[in-house]
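Residue numbers (numbering that gives the first Met the number 0), protein chains in the order written: chain X, 0 to 213; chain C, 0 to 213.
Since the hints were derived computationally from the structure, they do not count as laboratory data. Note that the Cβ used here is the ideal one computed from N, Cα and C, for glycine as well. There could be a bad hint or two in this list.
Think about it this way: if two alpha-carbon atoms lie no more than 30 Å apart in a straight line, the pair counts; the simulated BS3-like pairs of lysine-lysine are [stated by the list, open to error]:
#1 Lys43(X) x Lys169(X)
#2 Lys43(C) x Lys43(X)
#3 Lys104(C) x Lys43(C)
#4 Lys104(X) x Lys169(C)
#5 Lys104(X) x Lys43(X)
#6 Lys169(C) x Lys43(C)
Derived list of chain C stretches under chain X, where covered just means 3 residues or more per stretch with a C-beta under 8 Å from a C-beta of chain X [unchecked claim]:
#7 22–34
#8 67–74
#9 90–103
Residues from chain X shown here face chain C by an in silico Cβ test under 8 Å; the list is partial [said to hold, decoys possible]:
#10 Glu42
#11 Lys43
#12 Ala46
#13 Thr47
#14 Val51
#15 Leu53
#16 Ala56
#17 Leu58
#18 Asp72
#19 Arg73
#20 Val74
#21 Asp75
#22 His93
#23 Asp96
#24 Leu100
#25 Glu178
Number of protein chains: 2
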Amino acid sequence: MSRPAFDLGVYLVTDRPALLGRELLDVVGLAVAGGATMVQLREKTAATREFVELARAVLGVTRPRGVPLLINDRVDVALAAGADGVHVGQDDMHPADVRALLGAKAIIGLSVTGEDEARAARGMPVDYLGAGPVFATATKKDAGAPQGLPGLAAMLALSEVPVVAIGAIKEGNAREVMETGVAGVAVVSAICSATDPREAAVQLRHIVEAGRKR
Amino acid sequence: MSRPAFDLGVYLVTDRPALLGRELLDVVGLAVAGGATMVQLREKTAATREFVELARAVLGVTRPRGVPLLINDRVDVALAAGADGVHVGQDDMHPADVRALLGAKAIIGLSVTGEDEARAARGMPVDYLGAGPVFATATKKDAGAPQGLPGLAAMLALSEVPVVAIGAIKEGNAREVMETGVAGVAVVSAICSATDPREAAVQLRHIVEAGRKR
Chain X
0 MSRPAFDLGV
10 YLVTDRPALL
20 GRELLDVVGL
30 AVAGGATMVQ
40 LREKTAATRE
50 FVELARAVLG
60 VTRPRGVPLL
70 INDRVDVALA
80 AGADGVHVGQ
90 DDMHPADVRA
100 LLGAKAIIGL
110 SVTGEDEARA
120 ARGMPVDYLG
130 AGPVFATATK
140 KDAGAPQGLP
150 GLAAMLALSE
160 VPVVAIGAIK
170 EGNAREVMET
180 GVAGVAVVSA
190 ICSATDPREA
200 AVQLRHIVEA
210 GRKR
Chain C
0 MSRPAFDLGV
10 YLVTDRPALL
20 GRELLDVVGL
30 AVAGGATMVQ
40 LREKTAATRE
50 FVELARAVLG
60 VTRPRGVPLL
70 INDRVDVALA
80 AGADGVHVGQ
90 DDMHPADVRA
100 LLGAKAIIGL
110 SVTGEDEARA
120 ARGMPVDYLG
130 AGPVFATATK
140 KDAGAPQGLP
150 GLAAMLALSE
160 VPVVAIGAIK
170 EGNAREVMET
180 GVAGVAVVSA
190 ICSATDPREA
200 AVQLRHIVEA
210 GRKR
């Protein structure tokens with residue numbers, strides 16, 4: 000496997016309802032300008048054609064900056080748009096099937112919501128785990144119970160691959176999240192709903208880089 | 000292009016809510032035993048992993064009988080399950096993208112709901128059109144206005160590829176539908192909700208074969 004290098008540091012997960020009426024492309028552009036290191040395009044209501052068109056448009060923003068774009072759940076959309084990978088949840092396509100379809104160069108992430116899922120992920124052909132929710136979140140309605148920092152640390156200890164934390168992470172709590180040893184923070188509202196998405200990304204990136212130096 | 004031969008004659012489109020509580024696999028099995036010539040697996044609520052597993056299970060029923068299985072909308076599911084093709088609507092992935100992902104041997108169908116869409120489909124890399132709704136239907140909530148038999152004939156006249164008619168087609172009206180010259184009838188409720196799905200397929204196949212002899 001010869002996957003491209005990627006940086007989970009400040010991982011923006013998009014959510015159109017959280018954009019406060021702003022355009023997705025604009026907010027993603029501000030986020031990567033501010034220092035977001037990865038982007039996951041998550042669309043739960045778009046029709047497939049719209050999802051593909053959106054993914055192509057977002058790639059026009061992320062690729063020039065060398066920021067990987069992953070697609071949530073939809074391998075078909077990733078293939079059609081030429082995205083850098085796919086992030087799947089436990090009910091999405093099995094990572095082994097995703098890897099078979101996307102090949103060795105794709106970045107594949109898997110959500111885990113507790114120790115059992117983190118344990119089950121061992122040996123799966125994934126490049127990172129998205130572990131959470133760390134704190135209680137209103138963005139993702141089907142998210143499980145908050146795992147807290149101890150739960151996050153437990154999932155991290157079980158993982159064979161880098162872990163990005165997710166679940167109501169923001170500027171005010173990112174430092175303590177990084178102290179667990181995770182590779183980065185995945186955020187939705189902290190950037191999508193920020194008054195200044197660029198500045199929010201700048202601040203998160205600063206906290207993440209400082210956290211890594213420990 | 001060297002597509003496998005396929006027969007649009009009696010084309011079962013699945014709909015789990017229409018199954019009257021019966022198992023999808025059982026109804027598909029009865030339909031192909033009775034003479035359904037193609038099956039399209041349509042799932043609008045299943046998570047991706049469940050959809051893939053279902054597609055694999057249905058292939059276990061259709062493939063031994065040489066009946067092609069197409070997946071509605073989801074190229075990723077078709078690829079993961081190894082289905083015979085994909086059927087897309089106007090809001091699903093563009094047929095050119097579908098063809099690029101599935102290759103020359105896949106069967107690709109496109110829904111058209113009027114003359115404009117039938118005209119626009121000319122030159123697209125599709126193997127057949129699903130034209131309708133012919134009659135008013137309650138199964139597909141987002142179906143457009145009924146086109147009637149004259150509307151169906153107009154779409155057929157514009158098409159460069161075989162046409163299968165869809166939209167509230169059943170034993171009682173299949174003969175007049177076949178008289179327009181279409182290659183077959185696509186049905187949901189007429190088989191899924193039939194008291195005896197096998198016998199329903201037998202009767203539809205009989206009408207279709209007789210209609211072809213004209």
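Review point. Any hints this thing doesn't respect? Which numbers, in order?
Key: 4, 7, 10, 11, 15, 16, 17, 25
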